[in-house]
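Visitor: The lines below spell out each chain.
2 protein chains.
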Amino acid sequence: MPDAPFRRLALIGIGLIGSSLARAAKEKGGIADEVVATARSAATRDTVRRLGIVDRVEDTAAAAVAGADCVMLCAPVGAFADIAAAIAPHLARDAVLTDVGSTKGSVIRDVGPYVPDHAHFVPGHPIAGTEHSGPEAGFATLFEGRYAILTPPPGTDEAAVAKVATLWRNAGSMVEIMEPQHHDKVFAIVSHLPHLIAFTICGTADDLEEESRQAVLRFAASGFRDFTRIAASDPEMWRDVFLNNREALLEMAQRFTEDMTAMARAVRWGDASYIEDKIARGRRIRRRLIELRQA
Amino acid sequence: MPDAPFRRLALIGIGLIGSSLARAAKEKGGIADEVVATARSAATRDTVRRLGIVDRVEDTAAAAVAGADCVMLCAPVGAFADIAAAIAPHLARDAVLTDVGSTKGSVIRDVGPYVPDHAHFVPGHPIAGTEHSGPEAGFATLFEGRYAILTPPPGTDEAAVAKVATLWRNAGSMVEIMEPQHHDKVFAIVSHLPHLIAFTICGTADDLEEESRQAVLRFAASGFRDFTRIAASDPEMWRDVFLNNREALLEMAQRFTEDMTAMARAVRWGDASYIEDKIARGRRIRRRLIELRQA
Ligand SMILES: NC(=O)c1ccc[n+]([C@@H]2O[C@H](COP(=O)([O-])OP(=O)(O)OC[C@H]3O[C@@H](n4cnc5c(N)ncnc54)[C@H](OP(=O)(O)O)[C@@H]3O)[C@@H](O)[C@H]2O)c1
Ligand SMILES: NC(=O)c1ccc[n+]([C@@H]2O[C@H](COP(=O)([O-])OP(=O)(O)OC[C@H]3O[C@@H](n4cnc5c(N)ncnc54)[C@H](OP(=O)(O)O)[C@@H]3O)[C@@H](O)[C@H]2O)c1
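Those protein sequence lines, which keep their order, are chains H and X.
Counting with UniProt numbering, you get residues 1 to 295 for the letters of the first sequence.
Counting with UniProt numbering, you get residues 1 to 295 for the letters of the second sequence.
Note that these hints are calculated values from the structure, not bench results.
Be a bit skeptical, because a hint or two may be false.
[As the list claims (entries may be wrong)] If you only want the chain H side, here are some residues facing chain X, beta carbon under 8 Å, derived:
{"id": "1", "residue": "I127"}
{"id": "2", "residue": "I197"}
{"id": "3", "residue": "A205"}
{"id": "4", "residue": "F224"}
{"id": "5", "residue": "D226"}
{"id": "6", "residue": "R229"}
{"id": "7", "residue": "I230"}
{"id": "8", "residue": "P235"}
{"id": "9", "residue": "T257"}
{"id": "10", "residue": "R283"}
[Unchecked claim] Derived SDA-like pairs: lysine to any residue, alpha-carbon spacing no greater than 25 Å straight-line:
{"id": "11", "chain 1": "H", "residue 1": "K163", "chain 2": "X", "residue 2": "R218"}
{"id": "12", "chain 1": "H", "residue 1": "K28", "chain 2": "X", "residue 2": "A221"}
{"id": "13", "chain 1": "H", "residue 1": "K163", "chain 2": "H", "residue 2": "H90"}
{"id": "14", "chain 1": "X", "residue 1": "K28", "chain 2": "H", "residue 2": "A221"}
{"id": "15", "chain 1": "X", "residue 1": "K163", "chain 2": "H", "residue 2": "R218"}
Just so it is clear, CB atoms sit at the ideal spot from N, CA and C, and this is done for glycine as well.
Same shape as in the complex, but just chain H (with noise of 0.2 Å):
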C-alpha cells in the first residue's frame, strides 16, 4: 500500500462518494491511517458502523473532526455553510479542510469563511458517481480512472494542496487544477443541464393522460430510458447543486432553449438542411468523445 498523505481523515456525511473513499482508503491505502465519520440520521450512522467500512463513527461533526488532519465534506453543498459553521472552533492546526461538492464557486462562498487562519481550505470534486446514492452504494473503485477537480482559491498553502492531490491519486483519480467560475460553467453544461432537462423532461412525460403514460414506459426504450437513468439521482443533492450553481445553470439553461426554439421552428417550416446540420454537429461531438475514449 502507497504511503497515506493524511493520517487521520474525517469525513462529513458518507454516502455515495464519502463511502467509496473509505472502502478505497481500506482497499487501496494511500489515504488516511484512520478514517472517522459522521452523518446527519442516527440510521445512517449505524448502518455505517454495520458496513465496518471507517474506523470510527461519530454523531457530531464536532466531534468527528477533532484531531482530524483532514476533513472532508461529503453532504449535499446546500449544507456546507451550517456544517463549516459547526466545525470550525475544532479544526486541528494546520489541518486540511476540502470537499467533494459538486459546485465550487458556492462552496468557496459559504465554507471560505469560517476557516480559520490555522487551518487550510482546498475545494475539490471528484467526477465520478452513480445514480445511486447512501453509504451502501459507495465502492472502493468508483474513482479510478476518473478526475478529480481542485479549485484552490489564490494563495492557498501548496503543501495541503499537494497531499489533497494524492489522496485522490492514489483512489485512482487524473488531479486537474481549474478556477472556480470555469469549473462552475463546466459542469452547468456538461452534467447540471443534463440532468435539469432528464428529470424536466420524466415530468412532462408524467403529465400525459394515462393512457399515454402507460406506453411511454412501455416504450421507453427508445431513447426516453436514457434520460430517466439520469433522473434517478438524489433529489436532495440535486436540488442543492441546482440552487448553488444558479447563475452559470441559468445561462446554459437560458442558450439550450434558445437552441430548442430554433430547432422547433426548423421542423415547424421544414428548414432540412438546419435540421441536418445540427444532427451532425451531434455526430461530431460523439466522434471526438470516443476519439477521446471518454464515451
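We have chain H; now place chain X with the ligands onto it with these hints.
Guide: For chain X with the ligands alone, coordinates are given in the frame of chain H:
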C-alpha cells in the same frame, strides 16, 4: 426453423433495420423463404452483395418488388412517397406492402394513396435500433424481446396483418396493434423529443468558446455523454422523422419547453420544493421502468 409467412420478401432500403431482418431470415428463419433487396446507392448494393446476407440484390425498387409477396420499405420515411410511386405498378396480386418507418401517420399519408386494390398495406414499426446505421451495422438478434407495432388502417385484410405479425414474432418481437395517431404521439415523447433534445444540447455545447468546449469533451462522463450516445444516429433518418411527425413533436417540444421554463424559474427564485417534486417524479418513473424491466 419455423415456417415462413412469406415466400419472397423484398427490402426497399437495407441499412441497420433491413439488414438485421435479412440476417434474422437467414439465421433464425420464419421470415421469408427468399430475400431480395435494393438500396439507393450502388455502393450500398455492392456492400450487401459482398456481405451475402440476401439471396439477390436488384438495382431498382421496381425490379426488387416483382414477384414478391411481401415488400418492406426500410428507407428513411421521407423517401417513402417516391418509392411508393415507383413500385406501385409492379406490386404482385395480393402482395403485402409494409414498412419499418418510425412515424406512422406520415407513412399512411404518403404511401396509402399509391397502394393498388389488389395489394394489402400494413404499416409497421419495430421498436429496436442502435445509434449505428448501414447494412454492416445490422445483426440477427436486433428484434429479440423488443416490440413491433403495426398500425393497419381500418378494413385492412386480416390475413395480411396476421402474416406481418408472424414475421415479427419469428424475428423475436412482441407484436402490438396501435392507432397511428396514438403511435405518433407516444413516440414523439419517448423517442423523437429525446433525440431532438440530444442533438440540440450537442449544438449548445459546440457553440461555447474553445476553452469550455475542450473541457466539455473531457468531463463528458458527468451526464452529457448519455445525451451524445443517442445523438450519434443517422442525420437523414432523424431529419425525416422530425419532419414527418411534425405536429406531435412540436406539441411535445412545446410542453417540454414550458416545463423547462418553469424549472429555470424555480432555480432562479430558489423554489426548493418545486425542484424536489420534479426530481422525485423522475425517480418514480425510473423505478416503474425498473419494475417493468424496461430500464
Ligand atoms: N453522486 C454523485 O454523482 C456525485 C458526484 C460528485 C460529487 N458529488 C457530491 O458529493 C456530495 C455527496 O453526494 P453523495 O452522492 O455521496 O450523496 P448521498 O449518497 O446522498 O450522501 C449524502 C451524505 O451526507 C449526509 N448529510 C446530509 N446532510 C447532512 C448534514 N446537514 N450534516 C451532515 N451530514 C449530512 C447524509 O446523511 P444522511 O444519510 O443521514 O442524510 C449522507 O451521509 C454532494 O455534495 C454531491 O454534490 C456527488
Ligand atoms: N435506426 C433505428 O433506430 C430505427 C428504429 C426503428 C425504425 N427505424 C426506421 O427504419 C428505417 C431505416 O432506418 P435504418 O436505421 O435502417 O437506416 P440506415 O441504416 O441509414 O439505412 C437506410 C437504407 O435506406 C436506403 N435508402 C435511402 N434512401 C433511399 C431511397 N430513396 N430509395 C431506396 N433506398 C433508399 C439506404 O441506401 P443508401 O445506403 O444507398 O443510402 C439504406 O440502405 C427508417 O425509416 C427509420 O425511421 C429506424
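Visitor: Determine for every hint whether it applies to the structure shown.
Guide: Hint check:
no. : hint             : result
1   : I127             : 6 Å, holds
2   : I197             : 6 Å, holds
3   : A205             : 6 Å, holds
4   : F224             : 4 Å, holds
5   : D226             : 5 Å, holds
6   : R229             : 7 Å, holds
7   : I230             : 5 Å, holds
8   : P235             : 4 Å, holds
9   : T257             : 6 Å, holds
10  : R283             : 6 Å, holds
11  : H:K163 to X:R218 : 24 Å, holds
12  : H:K28 to X:A221  : 24 Å, holds
13  : H:K163 to H:H90  : 21 Å, holds
14  : X:K28 to H:A221  : 24 Å, holds
15  : X:K163 to H:R218 : 24 Å, holds
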